[in-house]
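My request is simple: use the sequences and hints to build the entire structure.
Chains as they are written, first to last, in my numbering: chain U, 248 to 670; chain B, 1031 to 1196.
Take these hints with a grain of salt, some might be off.
What the hints assert, rightly or not - Dumping the calculated EDC-like pairs for lysine to aspartate or glutamate here, alpha-carbon to alpha-carbon at most 20 Å:
| # | chain 1 | residue 1 | chain 2 | residue 2 |
| --- | --- | --- | --- | --- |
| 1 | B | K1162 | B | D1087 |
| 2 | B | K1112 | U | D525 |
| 3 | U | K656 | U | E292 |
| 4 | U | K495 | U | D536 |
| 5 | B | K1112 | U | D419 |
| 6 | B | K1112 | B | D1061 |
Calculated directly from the structure, the hints in this document are not laboratory data.
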Amino acid sequence: MKPGDIIAASVPEAVDARVYHDSDIFEQEQERIYRGPVWSYVALECELDGAGAFKSTFVGNTPVVVTRDEEGKLNAWVNRCAHKGALVCRALRGHAADGSFVCVYHQWAYDAKGNLRGVPFRRGMKGTGGMAKDFDLAQHGLQKLRVASLCGMVFLSFDDQVPPLEQFLGPDMCRYIRRVFNRPVRVLGYARQNMRGNWKLYSENSRDGYHGGLLHLFYPTFGIYRPSQESAGEVDAAGFHNAFTVSKPSQAGGYESYQSEANREMSGGAAGTEMLRDPSVLEFRPEFDDNIALLIQSLFPSVVLQQIQNTLATRQIVPHGVAETELVWTYFGYADDDEAMTRHRLRNINLVGPAGYISMEDGEAVELCDQGTANTSGWRSLIEMGGDDVVDHVAPIGLDENAVRGFWKGYLALMNGAAQVQS
Amino acid sequence: MNPPVHAMNAERQLLLAEIAEFNAAYAHCIDDDQLEQWPDYFTENCEYRIIPRENVDLGLPAAIIFCDNRGMLIDRVVALRKANIYPAHYSRHVLGPPVLIKSEDQIVHVQSSYLLLQTRMDGETHVFSAGKYLDVLERVNGVLRIKRRDVVFDTHRIDTLLATPI
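This is the structure we're talking about:
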């Protein structure tokens, strides 16, 4: 089966499961999506503090490095020496002392912008060896990527034709990014998990509001989730990106009032009868000019930006292989948080991440779908909750798969060779 | 870590043996799936964190599990039993000998390595996590309890998810 046939057999509301397993499709995704007309999130600007700062990461499965140069500008290049293809940068992050990046193998030296600055024995010695006389350093720099940032979120693109970042994200997504990054942030730490499944299974998961109270039973078990909470889902015109918002409880007492109410209503060991001994894990301290207590923003192709209670995080999706997907969580708070607020955020983090009360199941869901769809031929998924089309606004969430269809709409357009898809 | 400066004496030997037995029992409690007893190893106002070594090395505070009282440990167990969904598995902790950092009155600072193997229902056993316990133990009514345990894990790319404690 050729990749094109599998793509042709797929529509946004019914996808041929071989898209999750076919290695030719995975290769084509690298070319048409990750090295194509999209912007991939890779870092927060605050992670790149000062000249010479760098961070190693990936765009798709290509190793890349983001750097800050002497002028304070951000740069990015493929982490592959022009000589033998060795990784030039071997650390996850740090500061290059003199702003130079030297490949350890033969000490070819590059600057923060990725320009080749020096080749040992370039002229040979006493007339012997060396590179040809016309060897031009300028022609052998590292492969450079485009860099753009919005409110401190750094994105890269391989494509010279990609629309500007804000146009690619669309106005709604930019609005929510500005909301979260309304003032300087500070990284609180990282967590990484490896899911044994295809990256698109996770991309669907983060756009799937239907599973929230059904897979993540922490909510109903402790009587926390109320279908009456106000919620909405917004999808950009291309279908790529999605933002879910859920309002905070309107009653006094917040989430604890939900809990005691649920405990009054139910008894006998049924769902909703458990009480948290320490409900502070759920506490929400309003810190925005709105009532949104939960924001989950999926930005195609590589990141989820979240505010869940007071946990702020990016989740970078790194597709290492057709069935190997790394999720890198970067937790952050605001630079002006006091100690008590930081401690509160750290307690809230129990909800999310690889061990999170309301997120650990997502890794399991990805793997169950991976295992269940292995070795199919022509089996297609059913993504018809709430219709078979893609609309730009849904409220309330939880009863539809609109944003999942949106993801496939954008994905299929790119895989079918669309040179540009704009929001 | 500096080389030990204390000659071994009987008191020290007894304390180390007591800690080793305490840790072994702790590990069996988890490995035997007696999670309801797990919070009993801690003091009431304990702190328990599972934190990537990556964060510790960077001086960053975020942990993937952070409890600052025993009630939060009990909540974690109730959630695992009644709410959370994760791959069925066996845990097997293999612990290194405790190394005493300092001991004063009722408080003992100690650390030890662990290797946590996981066996899922396909029957294959993998290293799930390698790391160390950085502990502050407190003697309560004559017996040791955990006042603070930082589980610092080297294996910072977690295999799928982390459900049961380390």
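Evaluated hints:
Under the criterion of a C-alpha separation no larger than 20 Å, the hint pairing K1162 of chain B with D1087 of chain B is consistent with the structure, at around 14 Å. Straight-line distance between C-alpha atoms of K1112 of chain B and D525 of chain U comes to about 17 Å, which keeps the hinted pair within the 20 Å bound. Under the criterion of a C-alpha separation no larger than 20 Å, the hint pairing K656 of chain U with E292 of chain U is inconsistent with the structure, at around 31 Å. A C-alpha spacing of about 12 Å is found between K495 of chain U and D536 of chain U, which places the hinted pair at or below 20 Å, so the restraint holds.
A hinted pair counts as satisfied when its Cα atoms are at most 20 Å apart, and K1112 of chain B with D419 of chain U does not qualify at roughly 38 Å. Pair hint K1112 of chain B plus D1061 of chain B holds up; C-alpha atoms about 19 Å apart against a cutoff of 20 Å.
Violated hints for the displayed structure, listed by number in ascending order: 3, 5.
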